[in-house]
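S.K.: Next come the chains, spelled out residue by residue.
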Amino acid sequence: MLDDTAKGRETALLLHLRSGDKLATERFVREHAGWMLALAQRYVKDAGLAEDCVQEAFLQAFRSIGEFEGRSALKSWLHRIVINTALMKLRSRRCALERPVDDILPHIDRECCRMQASWADMATPHEILERKEARDLVVAKMMELPDSYRIVLLLRDIEGMSTEETASALGTTEGAVKVRLHRARAAFKALVAPVLRRYV
Amino acid sequence: MITCAELEERVADYLHGLPSEAERRDLERHVSGCGGCRHFLAAYRRTVWVARKALETSSHPGQAPERLVQAILGSLGGEPFCR
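Line order of the protein sequences matches chains A and B.
Under my numbering, residue 200 is the last one in the first sequence; the count climbs by one each step, no gaps.
Under my numbering, residue 1083 is the last one in the second sequence; the count climbs by one each step, no gaps.
Derived by calculation from the structure, the hints in this document are not laboratory data.
Model, not experiment: these values are computed from the prediction.
Where hints are given, some of them may not hold.
[Said to hold, decoys possible] Computed spacing ranges between beta-carbons, pair by pair:
| no. | chain 1 | residue 1 | chain 2 | residue 2 | range |
| --- | --- | --- | --- | --- | --- |
| 1 | B | G1074 | A | H126 | 40 to 46 Å |
| 2 | B | G1077 | A | H126 | 42 to 48 Å |
| 3 | A | L49 | B | G1077 | 20 to 26 Å |
| 4 | B | G1036 | A | E31 | 45 to 51 Å |
[Stated by the list, open to error] Sample of chain B residues lacking proximity to chain A, with all beta carbon distances greater than 10 Å (derived):
| no. | residue |
| --- | --- |
| 5 | S1020 |
| 6 | E1028 |
| 7 | Q1063 |
| 8 | V1069 |
Where is the CB? At the ideal position from N, CA and C, for every residue including glycine.
Could you put together the complete structure from these sequences and hints?
M.R.: The following block contains the structure:
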């Protein structure tokens, strides 16, 4: 939530952007393009595709900036546009071959949801995740998940979307989201546990 | 009383806040009497936490490449709001 000062700054910025102020536009693009690129890359993985997403997201944002009502912060609004753009990109290449999660996790079966207790009992990974190297490895493991699993994990657990919102964003049913999320977490856990154990 | 299988099915909703208080109480009653589900829930929570934490703290993005910034500004230049 923005405080009054920040809100005032955003209102002023919006006026500049809506009036076509080139300097304000350039500053705005430079300020936001970096994190937008990182966000897009989580979803589409491919660096070139992520750049396309960011470019399209900016276009979309500027086309609809007149309708932006300021109910959320400008950054949250951009965040949502990037995700929607990335999901659209993914949908358009859905026909691409995707390895089923079982291929990378052959041990996952009908009992997959019963994650081993050792994970919960493991020493707290707080300190472990303070190390950049460990964080990078964890993120790399997440990127190993097949798109359909990684995206559900990102939307539900990272973005905090509800099951209903996630289902609607992905054009699927709530039941399918629940099942996929369940398996995605189990798969993620199976991939990450060995990485974290290295640091214990 | 709900079963272990039902708990597994509804665990995501549980972590994100179930719609009804009665459902939440039902799940909690089950968990308090079932060691397996307690472990399961703890493991589940930790997985979500690790995913969040790793992404939160690893996403200190640098600047976007200049090439991309220029491409964006170029494409925005054609828009009516940027004339």
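S.K.: Determine for every hint whether it applies to the structure shown.
M.R.: Hints versus structure:
Look at G1074 (chain B) against H126 (chain A): about 44 Å separates their beta carbons, and that is inside 40 to 46 Å. Look at G1077 (chain B) against H126 (chain A): about 47 Å separates their beta carbons, and that is inside 42 to 48 Å. The hinted window of 20 to 26 Å between L49 (chain A) and G1077 (chain B) holds, with their beta carbons roughly 23 Å apart. Distance hint for G1036 (chain B) and E31 (chain A): a CB-CB separation of about 49 Å, consistent with the stated range 45 to 51 Å.
Against the 10 Å criterion, S1020 (chain B) stays outside the reach of chain A, whose nearest CB is about 15 Å from its own CB. The Cβ of E1028 (chain B) lies farther than 10 Å from every Cβ of chain A, with a closest approach of about 17 Å, so its non-interface assignment holds. At roughly 5 Å, the least C-beta separation between Q1063 (chain B) and chain A is not larger than 10 Å, which violates its mark as non-interface. For V1069 (chain B), the requirement that its beta carbon stay farther than 10 Å from each beta carbon of chain A is not met, with the minimum near 6 Å.
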